[in-house]
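**Student:** Protein sequences appear in the order of chains A and B. Each residue of the first sequence is one higher than the one before, starting from 62 at the first, in our numbering. Each residue of the second sequence is one higher than the one before, starting from 62 at the first, in our numbering.
Derived by calculation from the structure, the hints in this document are not laboratory data. Incorrect hints may have been included.
Taking lysine-lysine and the DSBU-like style, the derived pairs with C-alpha atoms no more than 30 Å apart in a straight line are [said to hold, decoys possible]:
id : chain 1 : residue 1 : chain 2 : residue 2
1  : A       : 299       : B       : 274
2  : B       : 120       : B       : 144
3  : B       : 178       : A       : 299
4  : B       : 120       : B       : 274
5  : A       : 274       : A       : 123
6  : A       : 105       : B       : 78
7  : A       : 178       : B       : 78
8  : A       : 274       : A       : 164
9  : B       : 274       : A       : 178
10 : B       : 144       : A       : 78
Some but not every residue of chain B turned toward chain A, in silico, with C-beta under 7 Å [to be verified]:
id : residue
11 : 178
12 : 205
13 : 208
The beta carbon of each residue, even a glycine, is placed where N, CA and C say it ideally should be.
Here is how the chains run, residue by residue.
Number of protein chains: 2
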Amino acid sequence: MRLGVFDSGSGGLSVLKSIYEAKLFSDIIYYGDMARLPYGSKDKESIIQFCIEALEFFKSQKIDLLIIACNTASAHALSTLQKLASFPVIGVIESGILATQKKLPDLNSKLLVIATKATIASNEYQNRLQALGYRHISAIATPLFVPLVEENIFDGEIVQSCMHHYFKPLDFNPDGIILGCTHFPLLSQAISSYFNNQSLLIHSGEAILDYIKLHFPTLKSNHTELSFYASSDLQSLKNTARFWLNLP
Amino acid sequence: MRLGVFDSGSGGLSVLKSIYEAKLFSDIIYYGDMARLPYGSKDKESIIQFCIEALEFFKSQKIDLLIIACNTASAHALSTLQKLASFPVIGVIESGILATQKKLPDLNSKLLVIATKATIASNEYQNRLQALGYRHISAIATPLFVPLVEENIFDGEIVQSCMHHYFKPLDFNPDGIILGCTHFPLLSQAISSYFNNQSLLIHSGEAILDYIKLHFPTLKSNHTELSFYASSDLQSLKNTARFWLNLP
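Input sequences plus hints: build the corresponding full structure.
**Tutor:** Encoded structure:
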């Protein structure tokens with residue numbers, strides 16, 4: 062089985078890592094749209110067009126399954142890609158929702174979704190959670206968290222003031238916080254501490270492995286061949302991949 | 062005379078505004094690479110490639126002069142574009158340097174350049190100032206200033222903590238601060254106040270009008286036809302242009 066992993070940049074490597082280590086696929090082809098990142102502040106039509114172009118690349122790679130590791134791309138383009146592809150296409154929002162169901166099955170749980178502007182504007186998380194019966198859902202776009210992580214700033218004064226800026230309108234402590242962007246798990250400790258370590262943090266990308274195992278239970282491969290492609294700056298993507306995946 | 066103005070996004074509209082109001086050109090064609098913004102965190106080779114593609118567009122528009130309104134693009138691609146174009150290509154770094162010479166001719170002036178990572182890494186500002194004889198030049202990449210402006214956050218706690226983060230290593234009050242990114246003038250007040258209003262702020266983009274008047278003194282046009290193009294999300298660019306330029 063050949064797996065494709067698509068992300069707007071290198072953030073999806075965290076998703077790739079857990080799948081790679083689980084030894085499920087003979088080949089994993091990762092494509093990062095490094096030229097056009099970040100997607101989170103761009104408009105819906107552009108995001109869909111970028112994803113369709115990525116899909117054309119993955120078709121040429123003869124993959125059997127495609128994961129959209131980027132929440133923003135999943136939020137806006139998943140259904141379009143599913144219509145255009147002859148193989149299954151899965152996104153991180155579905156897996157994030159599945160993880161929420163497993164970890165916080167009580168429909169009275171107070172949920173907070175944080176993500177990019179585009180993801181929050183799509184209402185994908187909110188609508189799906191509501192459709193499942195959850196009654197207390199808040200959603201906040203926290204766009205500044207992305208450049209903070211890209212600057213390797215994970216705590217301290219700036220992070221505190223950004224959290225204060227975004228979270229001060231909240232008048233409750235969430236039971237669960239869905240980290241709806243591949244960058245946000247790197248801020249887990251700061252976010253958790255802001256809410257007095259009383260909230261369960263759900264990383265939508267991490268949950269995709271469970272999702273694959275649930276829907277494709279027979280997958281197994283002794284060896285996985287990794288390939289990396291990018292619309293620009295492939296070297297930087299490969300360097301990050303080496304670091305994340307402990308590759309030589 | 063037909064002028065082309067190129068920017069990675071909509072930030073160059075501030076440059077366009079002053080030129081438009083000066084009534085110099087019969088046509089101004091603005092192109093924003095909205096699909097691939099921001100350039101400031103991308104690698105040199107990618108930036109040069111993006112700019113070459115933009116140049117191809119401007120060649121098809123039969124322009125007589127091209128302004129690179131983006132500091133990052135000017136820093137990395139100007140000399141390449143000048144070699145490839147049959148018309149003059151000018152960038153905002155040259156005009157920023159010219160403005161510094163006029164406003165702070167004393168070569169003992171303490172200068173601070175702030176810009177994106179890519180612009181600072183190019184050393185363009187630093188080398189040119191040094192070549193002119195300036196002896197006290199500091200340069201700091203302030204990448205978080207870009208998303209702050211894009212979020213319309215121009216003052217308050219987050220801006221203060223970001224400035225503290227970037228400026229605390231400085232052990233002097235600059236005589237002049239070169240704002241080496243089209244976004245930064247929107248933070249002028251906060252930056253000026255941080256340094257007790259004792260520093261002269263130089264907006265590299267604003268200075269381009271002086272640069273044009275100096276090198277092309279006979280330009281004049283009663284009417285200017287404006288056209289806008291973008292690699293994606295043209296609507297958002299046009300909306301911003303309407304706002305900036307007070308167009309109907």
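**Student:** Can you verify the interface hint for residue 208(B): is its Cβ closer than 7 Å to any Cβ in chain A?
**Tutor:** OK, holds: residue 208(B) within 7 Å of chain A, min 5 Å.
**Student:** Is the hinted pair residue 274(B) and residue 178(A) satisfied, with a Cα-Cα distance of at most 30 Å?
**Tutor:** This hinted pair is violated, its Cα atoms lying about 41 Å apart.
**Student:** Taking the closest Cβ pair, is residue 178(B) under 7 Å from chain A?
**Tutor:** Constraint on residue 178(B) not satisfied, violated at 9 Å.
**Student:** Take the C-alpha atoms of residue 105(A) and residue 78(B), compute the straight-line distance between them, and say whether it is at most 30 Å.
**Tutor:** 28 Å, holds
**Student:** Could you grab the alpha-carbon distance between residue 120(B) and residue 274(B) and see if it respects the 30 Å cut-off?
**Tutor:** Roughly 23 Å separates the two Cα atoms, so the pair holds.
**Student:** Minimum Cβ distance from residue 205(B) to chain A below 7 Å?
**Tutor:** Because about 6 Å separates residue 205(B) from the closest Cβ in chain A, which is inside the 7 Å limit, the hint holds.
**Student:** Hint check: residue 144(B) vs residue 78(A), CA-CA at most 30 Å. Holds or violated?
**Tutor:** Violated - the C-alpha atoms of residue 78(A) and residue 144(B) are around 44 Å apart, more than 30 Å.
**Student:** Next pair to validate is residue 120(B) with residue 144(B); report whether the Cα-Cα distance is within 30 Å.
**Tutor:** 13 Å, holds
**Student:** Keeping to a limit of 30 Å between CA atoms, is the pair of residue 274(A) and residue 164(A) held or broken?
**Tutor:** 17 Å, holds
**Student:** Does residue 123(A) sit within 30 Å of residue 274(A), going by the straight-line distance between their CA atoms?
**Tutor:** 22 Å, holds
**Student:** Just to be careful, I want the Cα atoms of residue 178(B) and residue 299(A) compared with a cutoff of 30 Å; is the pair within it?
**Tutor:** Distance of about 20 Å is within 30 Å: holds.
**Student:** Is residue 299(A) within 30 Å of residue 274(B), Cα to Cα?
**Tutor:** Cα-Cα ~47 Å, so violated.
Figure legend: structure checked against the earlier numbered hints; hints not met, in rising order: 1, 9, 10, 11.
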